[in-house]
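Based on these hints, arrange chain B on the given structure of chain A.
These protein sequence lines are chains A and B, in that order.
Residue 480 in the numbering used here is what sits at position 480 of the first sequence, and the numbering runs on without skipping anything.
Residue 1175 in the numbering used here is what sits at position 175 of the second sequence, and the numbering runs on without skipping anything.
It is possible that some hints are incorrect.
[As the list claims (entries may be wrong)] Below, a list of computed lysine-lysine pairs in the DSS-like style, where the Cα atoms sit at most 30 Å apart: (1) B:Lys-1043 - B:Lys-1025; (2) A:Lys-183 - A:Lys-123; (3) A:Lys-480 - B:Lys-1013; (4) A:Lys-78 - B:Lys-1383; (5) B:Lys-1141 - A:Lys-96; (6) B:Lys-1163 - A:Lys-502.
[Claimed, not checked] Simulated restraints, written as ranges between beta carbons of each label pair: (7) B:Glu-1018 - A:Ser-474: 30 to 40 Å; (8) B:Gly-1418 - A:Pro-449: 50 to 60 Å; (9) A:Gln-403 - B:Arg-1341: 39 to 49 Å; (10) B:Arg-1341 - A:Ala-139: 38 to 48 Å; (11) A:Asn-145 - B:Arg-1341: 52 to 62 Å; (12) B:Val-1003 - A:Val-329: 51 to 61 Å; (13) A:Pro-449 - B:Ala-1412: 33 to 43 Å; (14) A:His-190 - B:Glu-1197: 34 to 44 Å; (15) B:Glu-1161 - A:Arg-23: 30 to 40 Å; (16) A:Ala-181 - B:Glu-1225: 55 to 65 Å; (17) A:Ala-212 - B:Leu-1183: 20 to 30 Å; (18) A:Ser-224 - B:Glu-1211: 51 to 61 Å.
Simulated from the structure, these hints should not be mistaken for lab results.
Only a predicted model underlies this, so the values are computations on that prediction, with no experimental measurement involved.
The beta carbon of each residue, even a glycine, is placed where N, CA and C say it ideally should be.
What follows is each chain in one-letter form.
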Amino acid sequence: MLGYICKYAPIEVFEAMGVEIKRIEPEVTNFNQADMKMHPNICSFAKGVLEDVMMHDYEGVLLTTCCDSIRRLYDVLKEEMPDKFIYILDIPRITKDAGITLYEKRIRSMIKSYEDFSGKKFKEEQLAEVIKNSNQKAAISRKKNCKNIGIVGARANQNIKKILEEKGANVAFDLTCTGLARKLLLEEDHVLSGYTRGLLSQFPCMRMEEAAGRDALVLKYGDSVDGIIYHTVQFCDNYAYEYAWLKDKITKPLLLLETDYTKQSYGQILTRVEAFLESLGSLNGLNASHIKRKEGEENMYVMGIDSGSTSTNAVIMNEKREIVAYSVVRTGAKSGESAERILQDVLDKAGLKREDILRIVSTGYGRVSIDFADENVTEISCHGKGAHYFNPKIRTILDIGGQDSKGIRLNEEGEVVDFVMNDKCAAGTGRFLEMIARSLEIDIDRLGPIALESTENIEITSMCSVFAESEVISLIANNKEKADIANGICHAIANKSYSLMKRVGMEPDYMMTGGVAKNPGVVRAVEEKIGAKLYICEEPEIVGAVGAAVYALNQVLT
Amino acid sequence: MNVVDKYIDHVRKEVVQESDKGWEKMILGFKANKLRTKFLPKKNLSRGYQKLERLMMSLVADSLGKEDTYVWGNIFAPCEIMECFGLKTLSVECLSCFFTGYHLEDYFIDCAQNGGIAPTLCSYHKTFVGAVESGAIAAPKYSVTTSLSCDGNLNTFRYLEKKLGVPFGFLDVPYADDEDSVLYLADQLRELTKNLEEKFGVRFREEKLREILAIENETRRDLKEFLRLQKEYFYPGELICQLYLMMGSHLLIGTEEFRDVLKFMIEDIKSYPKFTGKRILWVHLLPFYQESLREYFNGNEDYQVIASDIVLDYMEDLDVTDPFRALSQKIIHNVFNGSYRHKAETIAALAKEVSPDAVIHFCHWGCKQAAGGSVLLKQEMQKLNIPMLILDGDGIDKRNSHDGQMKTRLEAFLELIGTEDLPC
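Just chain B, same shape as in the assembly:
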């Protein structure tokens, strides 16, 4: 066992045995990992993905170290507004992924389930609720959630408020994409800024929000350009890089750091060889720990995940002259809001843009909105003659999926899409 594994094992034991003592050590580990990404980046990653990993490690390690610098959010919380107050947004879904670094997900999930939380709930939410139930983590002053996409959001944040007394700002995202909805949500966004002003004693400046949205527009254009290039060039990455991109495009969008990393990636990717393998469009979350998937998608020049709906769930420019309205439109028009027809059409549009050889839809345990429409999406992809594989599993809890079964399905699918020389 090397020193890193020993530390991970030590922290895990400490959290399980004396939960209140583990938190500081968890943060210390995140900080050490941040340094590792700076001085000893993973050699199998392309330079851009190394930078991206470092940025995400910094976001988590730096924020957690100072409780008044961040809020808890869900992945769709409008981080642009929090940025106006100098606050980072740490989504509970992403933090749950970071806890897996200490192999704590099963312990936290058991804590949540033993406390009465439904075993069929999304494992990201269970992990986070369990971390709170176990007493292992410290809380910030405030949190922000939307109702977008997932029933768990409102319920999880309400539960956290009851358990830990962390108040939360709630944004009710209407289903219909129309003017009434936009106005309804825009008013809630304005209300959120007032609550944040009161909570953090910082005055809100609309001008600042405009600047952030301008950077966001630039970043989104860069992101689209990067995805366009990724279908042309082999840019070594790992499955988890898609999650880092998702973190960036949701928790750091509108920041100069994320924009700059993307700009670097756009230039850097052109120095890599042309990609001649199979291009995969990934739909929904990625089980980054799954052995068989890692084998095929981590730095494999035969298969490259070139885009994912979780990264580019909104594709248009924002109107910086009317920032609340623009943010409201962005959230309402998100691919995960409204009918599945809207989602299927948006993914079809993305598919036309990035021309994948195949689509893989991962049905994450507990995510009803994704799983429930997977058959409809497959029909939509059939219309475009794009083969699609539906994989059932769990994005975080290893106990809910079986690698052997996943490997068989994946390999059969890869054979089906006409690959000639399988790597194993």
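Same shape as in the complex, but just chain A:
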């Protein structure tokens, strides 16, 4: 079996020779081989292919000169597997006649190489048969009574489609190179020439000269769906250019989704896709109109519970939308156990029993591990609802939690219009502050107040948390004042936060939520950076749980 990766690869040529050819769709747990043989900063897809090829018994791999990372992947595979058919096919970027002529020659050379390698023979008549028997599927397939989503950008990871389908959405089109129907042309007298022409006239990818024409098609297709997922692959930069250009042109809701082809990224994809569907008004199962308040009952209570990486927070709300009780506990090693603990704690504070709670909605990173919850909603939607509950003027939220940070933009109804999430590196999160506090040998709660006493501006230049920590250690070694270092760190967080807020589209009023909102040094630095005041509620850690409670209440009251 041969593996291939690119939509311009002439796979029908191999099928005509009776060769099984499979598109490589890596889903790996680590990049150990790739990091060792290539470099960590290579496109995740290319690294995933390397791992996949090392793990499976391919007869060979057909690569194309589609990008810098794949060119280097070829070099490494060629060195590592000298006995296999490792081939790189040069695809012209120009699709006019000169490009077609050149590409046909390249394909003929490739055929010759494979014939020499395998002893098989290629015949144009057999290619003509393969082309005749091929099925070409429709480009757009909308469905009724569900959200129709289009996927654009870099090759879509299969998990995106799987999650969309599981959440009841329909993938109406996939304009990435894994989703497009092949364009196969049959010219009886010049089979290979016609075939080559067809391959190069496919919807162009970003490496092609013609790619400027993509915009019109994306915008046209975009009109037919409820929302668009713009997909990029980590360390593949080509599609971000298109996203940067199209984001202000596409009128439909747009989600930028970066994936890295690891199994572990499933959770990150899930949260983003779920939140996106929620923002489109497709809260799966939440239109639970069968849940009604029992007749004759005077009071009614619901609960929202937010299972975060650092703290687990719960809120009980009554039918008048009043917070009856709330509780905040540290999340232990098992989020389910922390949830059990907080359930009892918040019930005790409210003087209620479990059976008094009509509905429980969970949210946060551990939301699916809370067995006693009736529903779960992403923390993004819940923060939106929670922020709107506290202050309906809020349009932009900065949420900095223990292990992630988010920028969320709301409309006047408190619905999420757009969001950006950083949950891939520690920079700009609560964990980052904890690391720094440890280096400064101060309690994390003291970091903010100390920063306010700063007298000298120190700039922490490194964006990476590991680099920043070394930078702090160097500053300590240079006898810099703790207050000044702490203030420098607060400003580093503020810079990172500003970037998140800017990317989501800054609109006043602003609110900050999450544990880091209790740090006066960070709050001051963010306010300076955005040039506006941040609204911070009395207990900024419970905003997500309040939002979850509001969801629960809305369900019961509808």
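Structure of chain B alone, referenced to chain A:
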């Protein structure tokens, strides 16, 4: 704060606060720096490198002052063709480096990233795209790029066209080094001359191109001679001088000015003392701002960067009787085109010629084609018994590398290559 720093600070603030007003002042600063290189050249530089610095300052300051005298290009754009039209080529990579003179790289990079450009993109491209996004820079009438070496080229220039309406000539460089590729690219080069004729209203003369290529051949031979001499003589320079040499050999190749500076350098270097320290062959870009590297390579008589693949990425003579074919061959046969095996073998050939004590491969943030093959190159160098250090960092954005970590790696490597008396 001295007057220069005050001006730099003032321009930076102006660009950040009122982007449309900063450009003229940026150009004024470049012009002032050009004068500085003439009347107050850096004393730590050898006379040849002082002249080279002055030439590069003039290229940028003079061109930017008149928008119809230059095109934007990428570093591999065939400047020889633009020279036929009396146009200079200013590469976006080099301009990004010049913007760092105003400490604007982080602001521009943030502008690009906030606009949706990938944080993992090459920082040179991000800086330039960010400069455009911020509205800080004025654009010329035309630009020219190739697909050689870097995915960012086509995408960046397409983005600039969309954002600013600057049309661009695109040269698709095939991967394979064969006759079909040469003909394919040569036709595109001819097409480019037609587009330039139309755009600038100047008639193209093939004879002029032949003359330019003849000077280019002479210059390349001089460049090789200079590198040969640099392994023998201590010729005080800075890391950035390698970038100036790269600018010269890519943006001014075929001009009399660059040829003359090299001729001067060839004679001048012989008047300097013999070099007895460690010779370093540098692979890929140089983070000229990095403190620890400056300490070891700027005017240090114990270590000298004697050659770099970014300066001599093509080594043969061009056939002046068939200039389009010659230019096409030059681009296709470039060390950065094709397989990494080709690159490794070319660098091995360069190593045999300049006999370095060690190789340092700098993996610049975002450059996949360089980083992805670094392990293969190390294996190739091991075959030649030349120690090689792979350094990760960023050629322009200080925030992406940590000087302390770089210093530790560098010092350990310098110890490894058997240096006896470390300067610190």
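_Indices of hints not satisfied (ascending)_ = When the structure is compared with the hints, none of them turns out to be violated.
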